[in-house]
Every structure is written in structure tokens, then in C-alpha cells.
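Those protein sequences? They're chains A and B, same order as listed.
Using our numbering, the letters of the first sequence correspond one by one to residues 1 to 370.
Using our numbering, the letters of the second sequence correspond one by one to residues 1 to 370.
Hints may contain errors.
[What the hints assert, rightly or not] 25 Å max Cα-Cα, derived SDA-like pairs, lysine to any residue:
1. B:Lys5 x A:Leu63
2. A:Lys44 x B:Asp164
3. A:Lys225 x B:Leu336
4. A:Lys342 x B:Pro40
5. B:Lys327 x A:Met45
6. A:Lys5 x B:Asp60
7. A:Lys138 x A:Ser234
8. B:Lys327 x A:Arg244
9. B:Lys225 x A:Met115
10. B:Lys327 x A:His32
11. B:Lys44 x A:Ala11
12. A:Lys225 x B:Gly86
13. A:Lys363 x A:Ala338
14. B:Lys117 x B:Asp164
15. B:Lys342 x A:Lys5
16. B:Lys117 x B:His247
17. B:Lys342 x B:Glu99
18. B:Lys5 x A:Gly241
19. A:Lys5 x A:Leu38
20. A:Lys44 x A:Gly241
21. A:Lys5 x B:Asp164
22. B:Lys5 x A:Ser234
23. A:Lys225 x B:Ala338
24. A:Lys225 x B:Arg114
25. A:Lys44 x B:Asp121
26. A:Lys44 x B:Asp116
27. B:Lys117 x B:Lys138
28. A:Lys363 x B:Asp60
29. A:Lys327 x B:Pro40
30. A:Lys44 x B:Pro10
31. B:Lys225 x A:Gly86
32. A:Lys5 x B:Lys44
33. A:Lys342 x B:Leu38
34. B:Lys5 x A:Gly334
35. B:Lys5 x A:Thr47
In case anyone wonders, no lab produced these hints; they're calculated from the structure.
2 protein chains.
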Amino acid sequence: MSEYKDLNTPARILLGPGPSMVHPRVLSAMSHPVLGHLDPEFLKMMTDVQELLRYVFQTDNELTIPVSGTGSAGMEAALCNFIEPGDDVLIGVNGYFGERLCDMAGRYGAGVHRMDKSWGDVFSLEEIQRELDMRSYKLVALVHAETSTGALQPLEGVASLVHDNGGLFLIDCVTSLGGVPVDIDKHGVDIAYSGTQKCLSCPPGLSPLTISERAREVLHSRESKVKNWYLDMSLVEHYWGDERTYHHTAPISMNFALREALRLVQEEGLEARYTRHRTHAEMLWDGLNDLGFELYVPEAHRLPVLTTVSVPESVDGAGVRRQLLEKFNIEIAGGLGALAGKVWRIGLMGYSSRRENITLLLKAIQDLVE
Amino acid sequence: MSEYKDLNTPARILLGPGPSMVHPRVLSAMSHPVLGHLDPEFLKMMTDVQELLRYVFQTDNELTIPVSGTGSAGMEAALCNFIEPGDDVLIGVNGYFGERLCDMAGRYGAGVHRMDKSWGDVFSLEEIQRELDMRSYKLVALVHAETSTGALQPLEGVASLVHDNGGLFLIDCVTSLGGVPVDIDKHGVDIAYSGTQKCLSCPPGLSPLTISERAREVLHSRESKVKNWYLDMSLVEHYWGDERTYHHTAPISMNFALREALRLVQEEGLEARYTRHRTHAEMLWDGLNDLGFELYVPEAHRLPVLTTVSVPESVDGAGVRRQLLEKFNIEIAGGLGALAGKVWRIGLMGYSSRRENITLLLKAIQDLVE
């Protein structure tokens, strides 16, 4: 067996689609000694995490918890708890994560109806209503912030259309939560999931999930067991509810980290945080325009926290990314799926969203493409 | 919104069924700055983690990875990848986690056949053969170390019976891995999962999983998609394989922690580690006997890393546990399921398995029950 060296991670400046950089207070929280998952002191912390999650989601939903897995586990929890075989679901597909929702929903036996649009576009109320006119759906899912394209789906008015149709309104807010207003209750969202490693600036490992009372009733009136034990919210809710009944061992240290990351959100305040993300995004956009780059998504529905940049034919996109990493310790990402090889994805999320990072990145890109 | 205090975790001595205490080097590893999940430096670390997991499992299985969830996610991954609707599976049920295996397997459409035995007992080769004589099973599952009872299931000779019957041999080694010999290849085990928070003394959050080539062929020749996207090893294997293709964002900091915990296992050496766990278990057993307690599981198949103690009628079991926590900062657990209210469960796992902890616990119990 070979020798395994002491851990010595390079000091990366993480400006990709996540994970984002993590505040020292959050890193430090993870180095606290572990508690048992039923320790009274840990149970109190769980309450803190739930209250703080409700704040960042802007919801009163009682069933608001961190799922014990990364964002994709949250996505799966958001689907598997509400789908029974044969249920019709409508999924907006305008990027990679819409595709993933379809794949997952199909595995749970849903009749998957796709609403397709070009990558980078978003759906209008008229387009959604047109699909709803076709049939009743148990669930309608949209990706609020498409991490593969950098498009921001407007949420205003969608819920009432979905509710009039008799279904539940589900959103993916993996990349928006904590960086862009999500406002679950105001927008009438029934089910939403996120990740910790984006605008919350906590390491990956948990997935915030919130479920409305309307959705919870659907969960409780299922005819069949949820086809996923680990993510079965009808069981998990008893651990995160008043009973605190053992289901699975929660990832203790990750919950320490999330609590600290959420405290930082609260200290900054949501409005100030949104403004910071927006201001820094505009700095980045202006700088990229000055360098002659085109931004892939029109400004009207451009996501402030993740920017897709069209890579000109004259530029070796992968080569520049590699040099950014090797010479400047900066991580940005390439395109995913339909946008592979066509764009860079630059994230300014949470603790990564700082002016010095933008100035450095723009100068580094300038040096490398000249 | 209330004020959320600075994190200040009590200095617990964790002597329950997990999480166990975590070595300072492992806690410190988690406070390292985060890397991207496709960063070349992180990809190297993934290789380290896989090699070190193969060492602790004692296997050459290529598909040996940490599942991005706690032990129960590993349990679910071990089942859902191999079960298709209608497959017959045989599950040994002699405790809480055998029951959980049945629940999960049923959710994936298996024909679940239970082999029941009293809690605390283990299965003989004859008993297993008797069940195998009834029909062919796609999969036969046993719990190696039953965390609910403290019984250690012998593995010798089981695999050849299962293989002659045409099935795959699956074990739950959540509580044994790193504390008791598991020896996957020697015992012909096809699928095994564990947790990080037991004898590996890493915080909860990942689940080591190993899959033999025989089992991998079964996975690759499925007729239907795995009914769980997050845990679909036919997708996950491309991230942990040579391609390093994105599937979901790995829990980066938890992988830092696991790598460090496994380095500590390697530095100590498996044999020395098993001896330490055994020696300390015997110290505990002798001490409990001296105090007049009866141990629930006969010595012949008693698990060294987790001891169940029968609580006499004269003793307020829950009250003593509460006082251990409040007065001595010591966590031990009560019984689960059929043993609720009847036993204490005392774990001496990984970094918790130290002489000073045993001496303190015995004296504290003596003080409290006198």
C-alpha cells in the first residue's frame, strides 16, 4: 500500500457552479467534537437549523429540514414522496437539471410530461397554462435557477395556475437559495429543495427541503409506501418533528456547518445578501463585456449568482480553465450537456461573491486570452 | 427571530452505538478549505479513499466507494441496485436492522422472505441451508454486527451456500468495519455496506460500500433502471471510476474526514486495531460482571465493539443514562425495538475504545446504581 500524505488542500478560489467557498466560521464549526444524534444539545441545534432554514426559504412550513444528502438527494426526496405509480407530472425542461427531474420522476413510475424549451430560456405563464389545459397534473416542477444555463425562472403567478389545475408546485432552488429571493410562501410553492454548497456557502452534504401543508397532506394520504426508505419524509418527519424519533443517523458535523452558514446569512440579512450578489454579478457582467465576451443568457432572466459566458471560437475554453486553476488557483466550470464546450460557467455565490475575486478573475482571463 | 448562540458543543464521551468519538486529526481535516468535486486534487483524494477502503474491507473490489449518505443510504444502495420487481430475497432478521432491510427490499418490489430468529441470536449454516433448500434467491442478506442487539454473525461458509443457490451474498457491516474482521474477499461477500461513524471514528455522513465483480455483472445486466437515481451505482461508478464523470456533488469535507480516519486505521494496522477493540471489550465485560450486571448476548457470538447489558428491574435504566450524560458527559444508549427499556447499549468503537473511558464509565455506573 502506498503512502498517503498529510491532507494539504490547495487554496482554491471557487468561482464555478458550486461548491462555493466556505467562510472560516463554517469550516471551524465542523471541527467541533461530534455529538450523538439524539443528544439533547444536538436536538436543540436541529431546531435552530429548522428555524433558520425557514428564514432563508421565507416560509412557515413546519416540515422544513436538511435532507441527509447533497442537492440531488433533495431533488429525489421532492419527487419520490409525492409520486405514486401512474401519477401525471409536468416538468419544465430548459437545462440539465430539468432533464434530471424527468429521469428521477420516471423511476418512481410517474407519467412524465415534458415542457421543453431551449437551454437558457425560461417559461412564461402562457406556456405553462397551455400545458395545464391538456390535463390535470399531480405535480408541476420548474427549475428556479438552472445551474447548467444560468437562467432564472420567474415564479410570480405560477402557483395559482398549478393550484387551479389541482396539483402541487415544486421548484428546484439549489442555486438560488440565499443568493436570489426564493420567497416560498409568497410564491405559493409547495415543495422546494436546495443544496448547501451554493449561495449558502456551506460544504456539500445536505439538501434543504421545505414542504407545504398542502403537500404534506398529499404525502400523508398516499396509497403506497414511498419507494425510497432513506428519503421517506413520512418517517423522517418524526425525527425532525417533536418526537425526535430515530430514523437514520443525521450527519452531525454537516449540521454544525449548516447552522453556522445560516447564522451568517441571518447576520448579513437576506436583503443585503441579495443586493451583494446582484451588485457583484453586474460588476462581473460589465467586466466580461469590456473584455469582449458575450453573456449567454439575456439580462431579463439572467441569474445573478451563476453567469454563463459564450466562449468564442478563437478561445480554447478548456485550456483557459486549466490555466486559471494552475496559475491562479481559480476554479470556473465549462458547460454541461447541450452547452458542453460552448460556455464557461462562473459562479459568484455566498462567500465567493466578493469584489476581490471578480477583479482577480477578470484580470486573469484577460491575461490568458490575450 | 431568536438569537442563535455561538456553537459550543459539550465534550461528550460517546460510548453509545454511534456516532463514536472522532480523532482530532479527523476533525481538523474537515476544517480544510473546500475543493471542487472535479478538482484534480480532489480526484486524487478520491483514489486514496477508495484504496484505503479496500484495505479496511480487505477486498480487491474495484467498485468500492463511500456512498454520499449515512449508513442507511448504504443499506438502500446495497439493495436497490440489485433488486428488480419480483426478485426473491432472503433476509436474516434477528434485530432492528434486519427488519429495516426487509422494509427497504419490499419498497423495491422484492419478494421478501424472512429468516427470523430471536433478537441477540445468530444464524447457523444449517439454518441458512434449510431456507436455501426452499427456492433460489437473487440475494441473501445478513447483518454481520447487529447494532440493536450486540450479536456478531459468523460469516464463515455462508457465501458458498449462497453462491451454490445462485444468489449474491450481502452483509451489513455498519458496526463491524474497522473494529472486527470483515474480510470481504476471504468470506466471499458480494455486497457490503458500512457507516463512517462507528469503528472508523469519522463523523456520520458517508457510507462505505463495496461490490464484487459478480454483483457488478448483475447490476449491469438489469432489465430495468435502478429505482433510485441518487444511489444508482451504474451512474455513480462513472464518477468514482476512471472517467470521473459528474453525477452528484460529492460531500467534499466528509471525504476529507474519511480519508484521514482511514489513514489512522492504516497507521494503527487492522490486526492491532482488532486486538485493541477486543481487549477493551473484555475489560468492559469483566467490569460489568463485577458490578453484577448480566450481558445480554452469550460470549460465543458477542460483538466486541457494542455490548448490550440487561438492565435489572431494580435499576431505572433511562434515569441512569440521563445522569451519565448530565453528571459525567457520557453517552450510552437504551434498547431499540424489541429491546427498548430492557438493555443498555455500550459502544467501544474506534477512538472511543480507550481504557480511560471504560474505567470512568464503570465507576460512574457504580456510583449511580449504588
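Hints, verified against the model:
1. B:Lys5 x A:Leu63: holds (23 Å)
2. A:Lys44 x B:Asp164: violated (52 Å)
3. A:Lys225 x B:Leu336: Since the Cα atoms of lysine 225 of chain A and leucine 336 of chain B sit roughly 23 Å apart, the hinted pair holds (cutoff 25 Å).
4. A:Lys342 x B:Pro40: OK: lysine 342 of chain A and proline 40 of chain B at ~22 Å, within 25 Å.
5. B:Lys327 x A:Met45: holds (21 Å)
6. A:Lys5 x B:Asp60: At roughly 22 Å apart (the allowed maximum being 25 Å), aspartate 60 of chain B and lysine 5 of chain A satisfy the hint.
7. A:Lys138 x A:Ser234: Measuring from Cα to Cα gives roughly 18 Å; hence the hint holds.
8. B:Lys327 x A:Arg244: holds (23 Å)
9. B:Lys225 x A:Met115: This hinted pair holds, its Cα atoms lying about 23 Å apart.
10. B:Lys327 x A:His32: Holds, at roughly 21 Å.
11. B:Lys44 x A:Ala11: Holds. Lysine 44 of chain B to alanine 11 of chain A sits at ~16 Å (cutoff 25 Å).
12. A:Lys225 x B:Gly86: holds (17 Å)
13. A:Lys363 x A:Ala338: Violated. Lysine 363 of chain A to alanine 338 of chain A sits at ~29 Å, over the 25 Å cutoff.
14. B:Lys117 x B:Asp164: holds (23 Å)
15. B:Lys342 x A:Lys5: Distance of about 46 Å is beyond 25 Å: violated.
16. B:Lys117 x B:His247: violated (40 Å)
17. B:Lys342 x B:Glu99: Holds - the C-alpha atoms of glutamate 99 of chain B and lysine 342 of chain B are around 19 Å apart, at most 25 Å.
18. B:Lys5 x A:Gly241: holds (22 Å)
19. A:Lys5 x A:Leu38: violated (35 Å)
20. A:Lys44 x A:Gly241: Roughly 12 Å between the alpha carbons, so the hint for lysine 44 of chain A and glycine 241 of chain A holds.
21. A:Lys5 x B:Asp164: violated (43 Å)
22. B:Lys5 x A:Ser234: violated (31 Å)
23. A:Lys225 x B:Ala338: holds (23 Å)
24. A:Lys225 x B:Arg114: holds (19 Å)
25. A:Lys44 x B:Asp121: violated (37 Å)
26. A:Lys44 x B:Asp116: violated (38 Å)
27. B:Lys117 x B:Lys138: holds (21 Å)
28. A:Lys363 x B:Asp60: Since the Cα atoms of lysine 363 of chain A and aspartate 60 of chain B sit roughly 48 Å apart, the hinted pair is violated (cutoff 25 Å).
29. A:Lys327 x B:Pro40: OK: lysine 327 of chain A and proline 40 of chain B at ~14 Å, within 25 Å.
30. A:Lys44 x B:Pro10: holds (13 Å)
31. B:Lys225 x A:Gly86: Given that 25 Å is the threshold and the Cα spacing comes to 17 Å, the pair holds.
32. A:Lys5 x B:Lys44: Holds. Lysine 5 of chain A to lysine 44 of chain B sits at ~11 Å (cutoff 25 Å).
33. A:Lys342 x B:Leu38: Holds - the C-alpha atoms of leucine 38 of chain B and lysine 342 of chain A are around 19 Å apart, at most 25 Å.
34. B:Lys5 x A:Gly334: violated (40 Å)
35. B:Lys5 x A:Thr47: holds (13 Å)
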